[in-house]
Amino acid sequence: MEYDPTIHHRRSIRLPGYDYSQAGAYFVTCVTQQRLCMFGDVAHGEMSLNAVGEMAVTSWLDLPNRFPFVDLIRRHAQPHARNHHIGRHRRMRRSS
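Be aware that the sequence shown starts at 1, since it is given in my numbering, and climbs by one per residue.
This list has only true hints and no planted wrong ones.
Label-pair restraints from in silico Cβ distances:
#1 V31 to F69: 23 to 29 Å
#2 R14 to H89: 20 to 26 Å
#3 G87 to E46: 25 to 31 Å
#4 D19 to A43: 39 to 45 Å
#5 E46 to Y3: 36 to 42 Å
#6 P64 to Y20: 16 to 22 Å
#7 F67 to Y18: 16 to 22 Å
#8 G45 to H89: 30 to 36 Å
#9 R14 to V57: 22 to 28 Å
#10 C37 to G17: 35 to 41 Å
#11 H85 to S12: 18 to 24 Å
#12 P64 to I7: 35 to 41 Å
It should be emphasised that the hints constitute simulated quantities derived from the structure, not laboratory data. Everything numeric in this text was worked out from a predicted model, so none of it was measured. All C-beta atoms, glycine included, are put in the ideal place defined by N, C-alpha and C.
Assemble the whole structure, with the sequences as input and the hints as a guide.
Pasting the structure below:
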């Protein structure tokens with residue numbers, strides 16, 4: 001679907017003027033399109049990951065190897081979303 005400003009009213013939740021490249025703790029949520037349950041299922045009150053969910057966990061756990069300034073604080077899985085607490089322990093350098 002192409003962007004149509006008359007029906008797409010997403011507003012940024014970013015703090016105006018805040019420098020998101022600075023060190024600090026961040027909360028990141030990734031939701032699947034149309035909230036499709038792509039990461040697994042909930043059975044008996046526990047999340048059971050499928051292959052896609054396992055791939056997401058593997059990618060999550062690999063983040064500090066790819067980005068040495070990132071600390072993984074916590075993750076929470078749902079069938080249609082991934083919630084992450086990420087810490088940055090130093091300022092990110094911008095490439096020119």
